Amino acid sequence: MEAVSSKIVNILVNGNNYEVTVASNDTLLTVLRDKLGLTGTKFGCGNGECGACTVLIDGEAVNSCLVLALNCEGKEIQTIEGLASSNGDLHPIQQAFVDNFAIQCGFCTPGIIMSTKSLLEKNQNPTEYEIREAVNGNICRCTGYENIVKAVSAAAETLRGK
Amino acid sequence: MSYPHVITKTIKEFKLISPTTIEEALYALNEYKTDTRIIAGGTDLVPLMKHRAVTPKYVVSIEKLKELDYVRLVGDQLRIGALTKINTIKNSDVIMKNCYSLYEASLVFATPQIRNVATIGGNICRSSPSADTVPSLLVFNAQVKLVNQKGERIIPLEQFFTGPGLNVADSDLLTEIIIPIEKGEYGTAFHKISRNTSDLAKVNCAVKVSISHEKFSDVKVALGAVSDRPIRAKNVEKLLIDKKINAENIEKASEMVINDINPITDVRSTEIYRKEISKVLVKRMLNLAVERAQK
Chain A
1 MEAVSSKIVN
11 ILVNGNNYEV
21 TVASNDTLLT
31 VLRDKLGLTG
41 TKFGCGNGEC
51 GACTVLIDGE
61 AVNSCLVLAL
71 NCEGKEIQTI
81 EGLASSNGDL
91 HPIQQAFVDN
101 FAIQCGFCTP
111 GIIMSTKSLL
121 EKNQNPTEYE
131 IREAVNGNIC
141 RCTGYENIVK
151 AVSAAAETLR
161 GK
Chain B
163 MSYPHVITKT
173 IKEFKLISPT
183 TIEEALYALN
193 EYKTDTRIIA
203 GGTDLVPLMK
213 HRAVTPKYVV
223 SIEKLKELDY
233 VRLVGDQLRI
243 GALTKINTIK
253 NSDVIMKNCY
263 SLYEASLVFA
273 TPQIRNVATI
283 GGNICRSSPS
293 ADTVPSLLVF
303 NAQVKLVNQK
313 GERIIPLEQF
323 FTGPGLNVAD
333 SDLLTEIIIP
343 IEKGEYGTAF
353 HKISRNTSDL
363 AKVNCAVKVS
373 ISHEKFSDVK
383 VALGAVSDRP
393 IRAKNVEKLL
403 IDKKINAENI
413 EKASEMVIND
423 INPITDVRST
433 EIYRKEISKV
443 LVKRMLNLAV
453 ERAQK
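These protein sequence lines are chains A and B, in that order. 43 is the number that my numbering gives to position 43 of the first sequence; each next residue is one higher, with no gaps. 414 is the number that my numbering gives to position 252 of the second sequence; each next residue is one higher, with no gaps.
Since the hints were derived computationally from the structure, they do not count as laboratory data. The reader is advised that the hints may include incorrect statements.
[Claimed, not checked] Label-pair restraints from in silico Cβ distances: (1) E314(B) to S86(A): 49 to 57 Å; (2) S5(A) to I184(B): 23 to 31 Å; (3) G346(B) to A84(A): 52 to 60 Å; (4) A84(A) to E453(B): 48 to 56 Å; (5) E193(B) to K7(A): 14 to 22 Å.
[What the hints assert, rightly or not] Below, simulated SDA-like cross-link-like pairs (lysine to any residue); rule was C-alpha separation at most 25 Å, straight line: (6) K75(A) to D58(A); (7) K174(B) to S5(A); (8) K228(B) to E60(A); (9) K441(B) to L401(B); (10) K122(A) to K195(B); (11) K150(A) to V216(B); (12) K252(B) to I57(A); (13) K195(B) to V216(B); (14) K75(A) to I184(B); (15) K252(B) to E60(A).
[Unchecked claim] Over 10 Å on every C-beta distance to chain A, these chain B residues come out as not near it, computed from the model: (16) K174; (17) A190; (18) Q311; (19) I355; (20) E376; (21) K414; (22) R430; (23) K441.
This one's a predicted model, so the numbers in the text were calculated from it and none came from an experiment. Note that the Cβ used here is the ideal one computed from N, Cα and C, for glycine as well.
Could you build the full structure based on these sequences and the hints that come with them?
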């Protein structure tokens with residue numbers, strides 16, 4: 001059992017396997033943004049409070065700024081970059097956010113969409129309360145949340161119809 | 163202009179040790195005795211390390227010890243593994259049925275993202291006076307199992323905390339929380355006063371009452387964020403045991419919480435507000451727990 005300060009690890013992000021050298025003090029967020037160039041996930045507070053850095057690890061929404069990257073080996077990570085299809089078509093959640101004007105400055109949007117994805121994978125017919133609960137860990141400076149709730153509800157409807 | 167709540171600092175370099183069994187973890191904790199921290203979910207430790215409030219040389223990651231992630235009813239004890247996530251507690255029927263106040267605490271515990279990684283053992287070992295899971299555990303007289311290479315010991319949770327952020331665990335690993343479940347009818351309630359649920363408590367409070375012949379046969383009251391550690395309000399409890407259940411007795415006892423607490427003024431609240439709201443909170447939780455016990 002070694003005490004390591006850095007290590008080459010394989011991490012699986014959006015279905016792609018990356019071999020990357022990770023320091024023990026790297027968070028998943030810094031690895032995603034600075035080493036893999038996946039800058040869709042945002043650095044907000046760095047403190048686990050704003051939710052801008054939300055990604056899914058094994059399907060669960062987490063703050064990537066609080067996760068040690070070395071602990072992510074062998075786990076499945078999904079980020080905002082993995083949502084749209086390869087031909088550029090937006091994911092139904094992304095489309096619903098556009099259609100419902102749930103985006104203003106857009107900084108919080110990747111995090112909120114990932115929280116939404118986590119919710120809708122478990123619950124395809126959420127109540128307004130459940131939607132507000134699911135995005136409770138994401139702070140939005142602009143929208144006042146009303147259109148975000150509408151967008152999540154619309155996305156759920158689209159996904160149910162599929 | 164500075165933004166004190168935005169962390170731009172990186173974590174100071176450290177060496178990470180990732181045991182895969184409890185034995186390996188205990189070996190590591192014994193081998194690296196000084197300058198070492200244990201990381202489970204990391205939702206408290208990582209911000210502390212970013213702020214450089216703690217700068218350990220070694221960090222032992224216990225997240226691979228999957229055998230510590232469980233909720234089990236064993237005889238008349240509810241046993242919760244230290245690595246059980248808050249979200250697991252939120253979704254556990256066994257906890258909802260036997261320990262409703264702990265379920266209520268899990269509902270208002272930080273954010274969904276935090277609940278998905280934060281563990282109950284971590285919440286206890288962080289030993290914050292405002293820890294949201296702790297008052298509910300205190301009213302059940304919960305015990306914790308501490309293990310090191312020499313052996314294990316089980317101590318009452320109440321004796322675990324020694325101050326803000328401080329506890330009796332040395333090179334011990336907290337592995338299990340043991341909650342005695344009584345056979346008879348009882349009611350519990352938990353509430354947290356905070357700006358919003360993702361915020362830390364200004365005051366939090368759990369109550370457990372047992373009723374027999376329209377009297378309180380047992381009462382336990384615990385509060386957080388009103389002392390240097392989570393506390394039991396024993397003055398309130400004493401005043402109610404064997405007393406008739408009525409508004410007057412509850413009102414009178416709730417006022418007495420003032421003798422159990424010693425709150426401070428800080429960024430989240432003031433001493434005066436904490437004192438006043440503690441009385442109200444104890445009264446409301448007593449009433450709610452009584453209502454639930456009578457159902």
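So, going through the hints one by one against the coordinates:
no. : hint                          : result
1   : E314(B) to S86(A): 49 to 57 Å : holds (54 Å)
2   : S5(A) to I184(B): 23 to 31 Å  : holds (25 Å)
3   : G346(B) to A84(A): 52 to 60 Å : holds (57 Å)
4   : A84(A) to E453(B): 48 to 56 Å : holds (51 Å)
5   : E193(B) to K7(A): 14 to 22 Å  : holds (19 Å)
6   : K75(A) to D58(A)              : holds (6 Å)
7   : K174(B) to S5(A)              : holds (11 Å)
8   : K228(B) to E60(A)             : holds (17 Å)
9   : K441(B) to L401(B)            : holds (14 Å)
10  : K122(A) to K195(B)            : violated (43 Å)
11  : K150(A) to V216(B)            : violated (42 Å)
12  : K252(B) to I57(A)             : holds (19 Å)
13  : K195(B) to V216(B)            : holds (15 Å)
14  : K75(A) to I184(B)             : holds (21 Å)
15  : K252(B) to E60(A)             : holds (14 Å)
16  : K174                          : violated (7 Å)
17  : A190                          : violated (6 Å)
18  : Q311                          : holds (14 Å)
19  : I355                          : holds (17 Å)
20  : E376                          : holds (37 Å)
21  : K414                          : holds (37 Å)
22  : R430                          : holds (14 Å)
23  : K441                          : holds (29 Å)
Hint compliance for this structure: hints 10, 11, 16, 17 are not met, and every other hint is.
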